[in-house]
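Trainee: Given the coordinates of chain H, work out where chains D and Z should sit on it, guided by the hints.
Protein chains in written order, with numbering that gives the first Met the number 0: chain H, 0 to 391; chain D, 0 to 165; chain Z, 0 to 324.
Relax, there's no trap hidden among the hints.
Quick list of in silico lysine-lysine cross-link-like pairs, DSSO-like style, CA-CA up to 27 Å: (1) K368/H to K134/Z; (2) K210/H to K368/H; (3) K210/H to K36/H; (4) K36/H to K134/Z; (5) K74/Z to K134/Z; (6) K50/H to K85/H.
Far from chain H by the CB rule (all over 10 Å, computed), these chain Z residues: (7) P2; (8) K11; (9) E71; (10) V86; (11) A93; (12) I103; (13) G263; (14) W302; (15) P307; (16) I313.
Worth flagging that the hints you see were computed from the coordinates, not collected in a lab.
A virtual CB, placed ideally from N, CA and C, is assigned to each residue, including glycine.
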Amino acid sequence: MGATEQRTMTLNMGPQHPSTHGVLRLILELDGEIVVKVTPELGYLHRAIGKIAEGLRYEQFVPYTDRLDYLAASINNLGYVQGVEKLMEIEAPARARYLRVLFCELSRIESHLIWLGTHILDLGATTPLFYCFRERETIRDLFEEVCGARMTHAYFRIGGVRQDIPTGFLQKVREFYRTFPSRLAQYETLITNNPIFLRRARGVGAISAEKAVAYGLSGPSLRGSGVEWDLRKAEPYAAYGDLDFEVPTGANGDVYDRYLVRIEEMKQSLRLVEQAAENLPEGAVKADAPQFIRPPREEVHRNMQAMIRYFYITMHGGSPPPGEVYSAVEGSKGEVAFYLVSDGTPKPARVDIRGPSFVNLSALNEMSKGQYVADLVAIMGSIDIVLGEVDR
Amino acid sequence: MMGTALFFVFAAVTLAAAVLVITSRSVVYSALFLILSFLGVAGLFILQGAEFLGAVQILLYAGSIVVMFVFVVMMVNLKEPLVQQWTAFRSVGAYLLGGLMLVELFWIAGRARGWLSAPSSGIETGEGHVEMLGKVIFREHILPFELLSLVLLTAIFGLLVIGRRK
Amino acid sequence: MTPADLLFVLLKILVVLLLIPVTVGFCTLAERKILGRIQLRFGPNRAGPFGLLQWMADAVKLITKEYLIPGEADKALFVIAPLLTMVPAVTVFALIPFGKGMEITDVNVGILMLVAISSLGTYGIIFGGWASNSKYSLLGGLRSAAQMISYELSMGLALVGVVMMAGTMSLVEIVESQKGLWFIVAQPLGFIVFFISGVAETNRLPFDMPEAEGDLGAGYHTEYSAMGFGLFQLGEYSAILTMAALMTTLFCGGWGGPAAAALGGAVSLGYFVLKTSFFVFVFIWMRGTLPRVRYDQLMALGWKVLLPLSLLNILWVAGYVALRG
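Here chain H stands alone, though its shape is the one from the complex (with noise of 0.2 Å):
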């Protein structure tokens, strides 16, 4: 047998194709059904958001960071508005933290949704994604109340939050954590011990601890190999040091333990939906910050000097001083930082995005050495990206 005879074969796997989530695109090298190599090709939804930055006001652009991780908006909204509060040594006041948390656990279970939707989808399941989505549409319900959107919250602002919550919105939000754990049971009745599904998960696309942080991997892709690292605990923002949440983690590093990481991580941030609502101090949802934040709009209607500070920080804007921070919050897929640099006018001299997606992508191949075209699928749908992160 010659040592050059051609035994691979090439696959392109998308732009379009519905495995990958979105428009990535996948170089595979196959030796029959075998991947030896993955190599993903990005930047098909490359929009510079990090340089639009560059020529907006701080506050403008926190709908920008909406469409990063568009599945889990408010998240991304947090890491901005928390990195440029740090750059104006301002905080949030509490009853504005605590909602932050309600929001940003809510997204992650919304988040959490789509992804075990579509990643038995990708396995072949259909009917728990219509299942899943039963839910997030409750979860979606609940955000338009709040803030009118139901995908691109930007509700949180620099120092706070948009506005307060409607009156019988804490009501939803309990009916919602009363019903949830039921269906949470359902859906692990369809699929945790499924035998199909247990013989596609286990010992697939496995990942050591060391490797998995040697290639940076974040949230539950980092989680599910054992490393217990989670933001929320190690370096607690917002409201999360008064909270009582548990971090889930496995043992294996493979798809199975991913998924049931993310399923527990469910369970847990429904805890902190509880607690964060049953706790909901009384207060301001907006820090007091002159030079930086608007007056409310009675003081404006009143007050002279609080008109011509609405107008001034609406037309020039709030600037920090110069400096630069990095400001990380914990994710639905991992770690998500803003890098901001200030120098000391009202637009941001830098903004550079760390998106989760992208980092744990770059273990994709790692993964799916050796393993099955069927199984990269599996492994793909573990990680669980977001284009709009991977590609910012």
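Mentor: Same frame as chain H, but now just chains D and Z:
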């Protein structure tokens, strides 16, 4: 009357397809015509009242064996026709052998029935055919039959050995 | 055969041929409705009362659409391939006894004929995949070929059990021999093997390898549109109907049931339709519930589990028949 008409239809299909098998430029088409030819033969069997043989002909030849051919052809993806690899010597040899085969066939057929006579009713139609075949195989020819299965078993082992070597 | 006989046979063929597309139509409708209910949706409910005419709208849409043939495709084969799938799937209906005395023909090697003809359905899928000249289609086609060959084997061996117990290969006589005891009770193992193989043969979830959307796009019919796609679907659903009808005929007493033999006609047909519908429902139910197995797991199941099981079943049936005398 109708039987004779059908006989000629099936015979024509079988022969035409057989000719197309060797004249097609694409191997995949050859396989397709091979199936058609086998189906024609199966039709002839059934016309003769040998439904069992007909069914087996479809199942084994048209169904399984050609699938294997097609599988191999597609795996190695033979795009250019095989004819190009043929030298003059090979073609002459092939034609000679084919011609010899044809003469032999006609000779046997002629000895059995007389030249190109209409088909006789053949084996009796009805219940007994499968049972009869079973009795013949398992009573009269049991030794050759078992030997045959031994040969097949050996072939399977051979395949395993070759497959394992990789 | 007198001309009157011939005319009668032709008439029967015509009736069945006309009924198949309609039944398949309703089958797709049932699938969409049931799946809809399973998935918290309504399913089609716009065309006609309760969406009952949806299948007709689908058919009209498929027929009137442009038949696109990819530029690099092998045109002749591309057009023929869907027919190769559909024709065998429809042909086997000639052999199935729908009710007492309701069959187009009773061949004395019926079972064998049936397996033989349905095995030809593979070609449409392989050739369709090859003719599309796309890697995804080709892989889909080849997977299907390997899958069908593998499962035909255990299926055939499961059928041996039925033939041994009935003592005949004629489907009509097999139904009659189940008057006392359905074969599903006498040889449950055989039924399980047959059922799983049947699902694999028809390429349905959890064994829908050839068209695994997740990794192969839509597999062998990725490039097909309009009626080419329609014919593939027709073939696929005909195959499901055949499988369900076979499970009924071979293991669940066919058209038999209380008073079916005495009353005959419509009653026996009713029993047959009822049982077959049940199996069709199970097919749809599985699609709504299960994920897909991986290709190598499918092969391993076929060769390492089902094949030995079917051999075990033959042993069991042989013992059963020998003891019963």
